[in-house]
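Could you slot chains F and D onto chain E? The hints should help.
Residue numbers (full-length UniProt numbering), protein chains in the order written: chain E, 1 to 287; chain F, 1 to 308; chain D, 1 to 320.
FYI, nobody ran anything at the bench for these hints, they're computed from the structure. Ideal placement from N, C-alpha and C gives every residue a C-beta, glycine not left out. Don't take each hint at face value.
Stated by the list, open to error - Which residues of chain E face chain D? A partial, calculated answer using Cβ under 7 Å: (1) L172; (2) F173; (3) A176; (4) G181; (5) P194.
Claimed, not checked - Below are the BS3-like pairs computed for lysine-lysine, each with C-alpha atoms no more than 30 Å apart in a straight line: (6) D:K24 / E:K178; (7) F:K282 / F:K272; (8) D:K111 / E:K178; (9) D:K137 / E:K178; (10) F:K233 / D:K250; (11) F:K181 / D:K237; (12) D:K109 / E:K178; (13) D:K109 / E:K169; (14) E:K169 / D:K111; (15) F:K139 / D:K24; (16) F:K233 / D:K237; (17) D:K31 / E:K178; (18) D:K196 / F:K282; (19) E:K178 / D:K13; (20) F:K82 / F:K125; (21) E:K178 / D:K87; (22) E:K178 / D:K131; (23) D:K31 / F:K139; (24) E:K169 / D:K92; (25) E:K169 / D:K87; (26) D:K250 / F:K187; (27) F:K181 / D:K293; (28) E:K178 / D:K202; (29) E:K169 / D:K13; (30) D:K196 / E:K178; (31) F:K272 / D:K137; (32) D:K31 / E:K169; (33) D:K31 / F:K181; (34) D:K131 / E:K169; (35) E:K178 / D:K199; (36) F:K191 / D:K250.
Said to hold, decoys possible - Where chain D lies over chain F, by a calculated footprint (3+ residues, C-beta under 8 Å): (37) 179 to 193; (38) 226 to 233; (39) 245 to 251.
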Amino acid sequence: MAKAFRELLMVKRVIYGIAILTLLTALSLYVILFSPFEYDQISYNVRLPPLTRSDTTWPYIFGTDNLGRDVFTRTFYAFILDVSCGLAIVTLSGLVGLVIGLISGYLGGFVDLILMRLMDIVISIPGFMLAIAIAAVLGSNIVNAILAVVIVTIPIYARLVRSVVLSVKESLFVLAAKEAGLSDVRIVTRHILPHAIPIFITQATMELSNAIIYIAALSFIGLGAQEPTPEWGLMISMARRYIREAWWPALFPGLVMFLTVLSFNLIGDGLRDYLDPKKRLSFRVLG
Amino acid sequence: MKPLEVKKLTVEYMMYRGWVEVVSNADLEINERDEILAIVGESGCGKTTLGLTIAGLLPSNARVVHGYVKVFGKDVNSGSAKVAMIFQDALTSLNPLLTVGDQIAEIYIHHFAMSKKEAFEEAMKRLAEVGLQASFINKYPHELSGGQRQRVLIAMVIALRPELIVADEPTTALDVTTQAKVLNLLKSIVKGKGIPMVYITHDLALVAHIADKIAVMYAGQVVEYREKLALFKDPLHLYTQALLSSLPRVDVELSELRTIRGEPPVPGNFPKGCRFSPRCPKAFSRCFVEEPRIKNVGNGYVRCHLYE
Amino acid sequence: MSNGVLVKTVGLKKYYEVRSMFLKRVVGYVKAVDGVDLEIRRGETLGLVGESGSGKSTLGLVLAKLVEPTSGIYIFNGIDITQRFPKALRGKIRIVFQDPYSALNPRLKIKESVVEPLMAQGLDRDEALEKAVDYLKLVGLSEEHLEVYPHMLSGGQRQRVVVARALITEPEFIILDEPTSMLDVSTQAQMLELLKDVKVEKNLTYLFITHNLAVARYISDTIAIMFAGQIVEIGTKNTIFNNPLHPYTKTLLSAYPPPDPEFQWTPEIPEDTSSIDSSYRQGCRYAGRCPLKIDDCLKSMPELIEVERSHSVRCHLYKT
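Pulled out of the complex, with its shape left as it was, chain E reads as follows:
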């Protein structure tokens, strides 16, 4: 396992991704601990350009927004929020999808039929429509936005895991495990699940970027985070109105979001490459 991890780190993309991510996380923690500004601290210093002096130890590094709040501070609070939301989404939908995929793939038959048709229905629901529906019934807030995204992304994991289960199910070592007398549950956890995990993690990493974008998008159209929550989509949405007078409250959240998503993509992409062609470039050339 450790050896595998070390080999993974040899993929350049992964290193770049982790580097950017570490930098951003470090910055965020630093901001939360040491920034002289609160994320919701309104002031009269509205729309000041980046690097304007303030009357605290820090300048307004990214400038201020329409309500005089420090964009730098808010951008990095948003990092924590958005990434946490992304993680929550991926964890929840991933786990539910994993379980559905395992059950559906292993049991087959009627159970598989029903579950997969259900997944088909869910995946054909446009995420935004669902979010609007949920918002209409339960209100617009970030928790409901997360709920909508979770529901809509479950099928991705379910299908992926199910396909792995189907292929592993027919392996001789699974038949051997049955022959050894293992219960179905034991077989799934011991033999089938470990084969599904690597692909699952790769997909989850890629989905993490999508989840962040989803939340930001929902917040952008007003269905997710509400003021004064520091959230990238919301910040950009608010900044749009006065973008002619101040470009910085829209640009910087977008830039940091871009870098965050990029880093997760790099890691996920590297993971995927690590898992696949490595097996092909194997040493089984001889006959």
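Leaving out everything else, chains F and D in the frame of chain E:
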């Protein structure tokens, strides 16, 4: 012009730890047009690689380090030698979307610039030669049994009008009854059409009936190269002897099989000195240190310190 | 059970349904195992010989209780286990598969694979590991092999692990489905010797399934020849090889080249003129290929009849 001349051939493969020698200094030849040379060995001995090299089909992650392979005087890599290869798995060698007739005729259309009509006429002749009825011309590979597919492959190989055929375990995946039929077919092609063949197999019993000359390979080297009768009457190399006495027999009641301790070494991990020394019952001090050179015996040779 | 019969089957059948594409109606059956009566005595090795499609592997799976038979009775040590397979007996019947490369989970260490059958029985893990060491040593491996992964072992070593895994529940009956077919000749010899030694040491009974008559001759006490789901000839090793009766047996024997270049090898393999679909034929299954068929052969299915002591054959050419 000798049909086949392999001289001091050494082939390496690129593995994750670098270039690894897989065939070492192989010397082989076929002298007559209707001769079958069998290459016998277990997995990892390099016989498939040797076969691929002779057919000019080495993949890009392999290279010939030194030595050469010449078919009728022409180097196999020059492109002018016509060597055809029969692989073990007939199912994946055939295009599942084309009929048998299409696949055989294709050869005539592309290689020999025949018209479709002529190509199909020739294809019918080939089918007859391999013992398949004319109705097979419209069948798809999945409609055929393993033995039938192998025959189609053989028909395609004949259609190519090769100067030499390399057959890599062509009957291993077949039932024993089918195997016998396909073997007879191959033999009749060699003797009847005068196309020399290199027959690669792990089955020593089979070799006794199909080969004229036999090369025994172990750990990348040809350890014994003899005429068939000589080899079976008087096997020289300890590995050949061990192989022969570890075969269960249909015709003889055996009370025990003589086993060789240990396992064949893997390329990259070949022992120092004689590669068979760790397992050889008669190994002595020199064997562990120095690689034995070829010692000519009759029309062949053996690679063993006991005979130097 | 009387006179030491450990395994007995009566009329064992396994039919697979063939369904049409559209409405999934049953249009026919693949009769993989079609009426097999067997008796294997304690301590005996029955060599089951057949080519691909003969049903030998399916029969092995049925006897290993991995596949439910369509009909028939399976008696083990006097107990009918056709419907109910008591937990106490589960470790007593084990199977060794053909492919050592796929039989072990590549992500599990050897020790995990070997103790697995004991874990299923609820044995304490430390005890199980101790047993694992004992059995690895029994098959010629060492304690160090516990900690490695399958890909670090050769095919022969992996197959030894599979054997250890089968032995660890202290079975009485082991089904070996072509255990040496994927091994090199020299490795095969080692494995056959190992199986012989282990059988004596652990008082085992074997069903050895193979397509290789030479291997069957070497390891078996009795030999059964299987064709199209049925046993067509069964007898002791001597009777079968000294006096083969069924035309198929004779064909098989002639198809094996002995490693002797001076032996005039002339295999008599008749052409197969039958269609593959056997579910509609009423006569002998082999009639399509048999060079010696008579009228009766197309009309009725011959029974398995004892022709001489310990030698039965299913063929109309032989009537008592």
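TODO: Quickly compare the C-alpha distance for K31 (chain D) and K139 (chain F) to 30 Å and report which way the hint goes.
DONE: Roughly 26 Å between the alpha carbons, so the hint for K31 (chain D) and K139 (chain F) holds.
- [ ] Against chain D, run the beta carbon of F173 (chain E) and see if the smallest gap drops under 7 Å.
- [x] Interface hint status for F173 (chain E): holds (4 Å vs cutoff 7 Å).
Open item on the list: Quick check: do three or more residues in the region 245 to 251 of chain F have a beta carbon closer than 8 Å to a beta carbon of chain D?
Closed with: n = 6 at 8 Å, threshold three: holds.
Open item on the list: Check the hint pairing K169 (chain E) with K87 (chain D) against an upper bound of 30 Å on the C-alpha distance.
Closed with: holds, 24 Å
Task: 30 Å Cα cutoff - pair K169 (chain E), K92 (chain D) - done: holds, 25 Å
TODO: Compare the distance between the alpha carbons of K131 (chain D) and K169 (chain E) with 30 Å, and conclude whether the hinted pair is satisfied.
DONE: Holds, at roughly 29 Å.
Task: Agreement of K31 (chain D) and K178 (chain E) with the hint, judged by alpha carbon distance not exceeding 30 Å - done: holds, 25 Å
Task: Given hint K111 (chain D) paired with K169 (chain E) - CA-CA distance at most 30 Å - done: holds, 22 Å
Task: Hint consistency between K282 (chain F) and K272 (chain F) [alpha-carbon to alpha-carbon, up to 30 Å] - done: Since the Cα atoms of K282 (chain F) and K272 (chain F) sit roughly 16 Å apart, the hinted pair holds (cutoff 30 Å).
TODO: Could you grab the alpha-carbon distance between K181 (chain F) and K293 (chain D) and see if it respects the 30 Å cut-off?
DONE: holds, 21 Å
Task: Pairwise hint evaluation, K199 (chain D) against K178 (chain E), where the allowed Cα distance is 30 Å at most - done: Distance of about 24 Å is within 30 Å: holds.
Task: Minimum beta-carbon distance criterion (7 Å), L172 (chain E) to chain D - done: holds, 4 Å
Checked against the numbered hints above, the structure breaks none of them.
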